[in-house]
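J.: Listed below are the residues making up each chain.
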Amino acid sequence: MFKLALRNLWEYKRRLLTSGFAVVLGISFLCGSFIFTDTLKGLFSDLFSSAVKGVDGVVRAEEGFDLGNGGGPYDDGRSLLPINIVDQIAQVDGVVAAAPSYTGYAQLINKKGKLVKTGGAPTFGQLWIDDNQLNAYKILNGRPPAADNEIVIDRSLVSTTGYKVGDTVKVNTSGPITEFKVVGDATFGTSDSALGATTVFFTPKRGTELMGKAGLIQTVLVRGEPGADEAALVTAVQASLASTKSVSGAKLEVLSGSAFDKEQQAFVNTIFKFINYFFTAFAVIALFVSIFVIANSFSIVIAQRNREMAMLRAIGAGRRQVVAATFIEAFFVGLIASAIGVIAGLGVAWLIKFGLNKTSGSDGSGLPSSGLKLLPRTVLTGLIVGTLVTLGSAVLPVIKASRIKPLAALRESSFDKSAQSKARLVFGALFLAASMTMLFVGLGGKGGTGARNVGFSAGLFLLTTVLLGPIVAKPIAGTLGRKWYGWIIIAFGGVTAIAGLAGTVYSLTKQTWPGVIGGPILVLAGVYLVRTGLLSGSVSGRIARENAVRNPTRTSSTALALTIGTSVVCAILVLSTSLTETFRGALDNSVKADYVVASGTDFGFPAEVDDILRATPGVESTSGYRTTRVKFLLRERTVGIVNPKEFGSLVDLGDVKGDFTSLSTKGTVAIDKKSASDNNLKLGDSLKPQFTNGTRTDLKLVAIYDNAEGLGNVYYLIGNVTGDAYVPSEVENFLYVKTDGKDSKAFEKAADTALAPFPAAELQTKKKFADDQIGQFRQFLALINALLLLAIIIAILGIANTLRLSIFERTREIGLLRAIGQSRDQTRAMIRWEAIVVATFGTLLGIVIGTGYGAALVRVLGKDGSVKLAVPYPLILGLALLASIVGLYAARKPAKDAAKLNILKAIATD
Amino acid sequence: MSTPLPPLLVSNEPHRLNSGAAAASVRNALKQYGVGDSAIFALHDVTVDFNQGEFTAIMGPSGSGKSTLMHCAAGLDDLTSGDVLIGDIKLSGLKDAALTKLRRDNVGFIFQAFNLIPTLNAKENILLPMTLAGRTPDMAWVNTVIEAVGLGNRLNNRPSELSGGQQQRVAVARALASQPKIIFADEPTGNLDSTTGAEILSFMKRATTEFGQTIVMVTHDPNAASYANRVLFLNDGKIVDDMRDPNEDSVLSRMRRFTR
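So the sequences go chain by chain: A and B. At position 776 of the first sequence (counting the first as 1) the number is 776 in the working numbering, and the numbers step up by one without a gap. At position 182 of the second sequence (counting the first as 1) the number is 1182 in the working numbering, and the numbers step up by one without a gap.
Listed next, the in silico PhoX-like pairs over lysine-lysine satisfying Cα-Cα at most 25 Å (straight line):
(1) 1095/B with 893/A
(2) 896/A with 1101/B
(3) 1101/B with 905/A
(4) 905/A with 1238/B
(5) 900/A with 1090/B
(6) 1090/B with 905/A
(7) 1123/B with 483/A
(8) 474/A with 422/A
(9) 1095/B with 896/A
Hints in this document: simulated from the structure, not taken from any laboratory.
Please model the complete structure; the sequences and the hints are all you need to start from.
T.: This is the structure:
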């Protein structure tokens, strides 16, 4: 039997290749995401480690105020230390070198006068450290900054801006924009930048002046004797600082170098948790979808070998032996394919890295190059999962096959009756009932629990689809195979062809190669679609339709790969569209300003922009908006600081109880209605929050407003008089601007001229502002694209596989059709039409499930009215039409093979 | 099974072809497999005319080239050298598209088994060559054929719901329905019991005598050959005998000479 299994492997190698390929695909995605995250994580850890390699100790203030996201990447909430503490520490026995460190905001302005963009990575300013073991950066050209008008920039800035040593450049900081002379460039270890963040180095004096307060630093880096005990050094430094406090009076803490390294690594790990989730989810879906393709191909291969098995049984092979033979076969296919999958995973990881570099590195700030990290864990997981999945996929069909009575199998059975099986119906109905129950429970619930129940229901529903799919496959695919859908495909094909043609012509004139290649492909796809659609009403189309519903179980399980992918994509689409549209709606409703000045930096823009814009002709009112954090009622909260006189006319706060403008009195606060009732607060009450500088003060509640929609999650507002008193700042995060609306062109021109000296301030229309704010949801888009692509690849593979096997079964039929006058063209179109019908069936099912569950999730999450349902109909329609192209590509090879069949041999096939 | 066949119409129908002219002809046909010493000739300089309105049977031992002759004459296979004409169309050099068109317009086929598309019902199967060609069938004629083969009440059944004899009747009806110049039948009764086979054969014979249809049938059954009005005997790729108005005995005795 073992020998037979191996012989079978060889005999059916082509068919098994397809099943095997499904395994390869699933495993390569699984391993690829592992390898990618491992590689990236290793890279980050190494970089962070090497950056602190020479550091034996770190001195800083004890943890202060948790700024949440308010502090951004530049402020960890710890209070500052006077710079002279460095000299004090340098005196300590065992300290070889001590250096001041401050990481703040500094952004280079490029030759066009615009801020250098990093695609989300921070733009750091740092103090140059002369001790080259404490400094993670090394000078490549030039020298360190010696005078206050000199800086060193990292190599990534050299390559993105074109500035080089000797040039004079402008740097935007939290202070004024200042001109500097570049005296050197530096690398971070061997990398041009610290993972895409740009860095500008100042002298300690100038750096602290520009980024914070002159003479105040965040940390002191300490280096001891080589090989000396870190703990002893820490104790010595601690002792010397016993009576020293930070500027706000906080105690100082001393960290050993290794503890500091650990802290950095922990930070890396938290970043990677999310990335890991993302890619693991991706891999799991890939694997799940692959299981269908694998199971499907195995069941078909085994169905085709029923006769052979029956023959074996007839000549005396036991059931167990037959099953064992297939198991051995599946084991080898699984193992070999998984091994190839692991190797292919390296390619996938490389592609992800390449893709990320391409998309995020528009200005060269991509990921540093390095080898891929293949951990033993990845190899083992890939091999075990792949082999087990393959074995699992082979179980059902083999056991089913072994139950067939030897003689029954020797007879022909080309029509599948399993769709009508009672067990299938009963279990399907049970799962459906369970799923619907969970859905109702979920819809009745709230927030996370509700969403989890809805998700659980979705899982059950997918199982229901597996069971009941064959029952709906017949009517749905049967309806799709008709002429009306043919007309849709003809129309879509026509549009595709014209778009392709236009794209080609356009690309030829512009000489951009993607269009020159993509255009003709679209034209071809369009022509094929039209050709296939035209056939739909003819007898060949009729046969194709009949073939699609001939074996509903097979059709449905083939289509399921696409169903799963599409449903996940649709659910995410509905969810993200609802979120963004709700957000946009809230902004539209509540923001009465025509323009918003947003910052092109993480840091905001100078507050004087407010005065400048207010003086611009056409402007009626303006209000700056910045946030800070306070500790209040045991929790830390974000507080918005506004111009009370005008904010009310710029942002709709709904009904306001009390007087909002009295916020212009120092020591007042306004909160929203819900927070007021939650905390039992009424007008005139006194709140006692603590500000970031440590001050605790009384604030009188002077206004309660109704509508906090336009403010995000900010429910506390104070006037700028109060804000400036406790958290003074020269910077605003946003500026709302209302104009008289008479001549928007003139206003925009005047404003642009006025704002030219402030590259950090970007004037945006309300719509553009909303678009930009929604940009934060763009990760969704990347996820959708990746999932869609994956679903499409696997679906094409699965459909092609099924088609090829079906054609193999119908060789004689195709031979006959050809003999009595079906042209090759008609044969090809027939196969294509079948594929399009199957693909569309799967996609439609997925769209219904995905949209339904997306809507259910929105309902649960948006119960308090915070999210309103919005369905992106055009996108979903596009998805439905995309199915026809999926079908077209899946049918490419099978159709070609079918048309090339030798008629005589085909007819002679038994 | 042996429902009597309804009488065929006596034909002064316009589609009746003039007897005597060749519906198809094969000229100096050579079909060679392999080259040099190992070359095998499936057909060795065969020249033959299939006359209009004639029912020709091709016989011979296995390997004699009878099937090859039929396949080449029908345009399913090509010759190494020589010509095949169907009507006045020369087959050699025709591309697949042209051959397909020729087949669906001018040639009918009846195979031994698996003649029908399982997803189409009997009537759709009968009309298939014409619907593939996008031609409007001559329904009066189609109905005549359907009535003649006695399928009246089974037209909406799928092949799986028909008996072997009924399936073969559908196949014959399909071949006749498109009024081809010539019908090729490959062991059409090979899978049927003798009574059913006899019905199919007598129907085929009447199609030639009464509709003027040209039929070429490959068979190894002397009884089947006896329904033809001409029997060609092939051996080693050559026509070795051409018998007119055969009966079962004469065919049988001719066949015996091969085995001797």
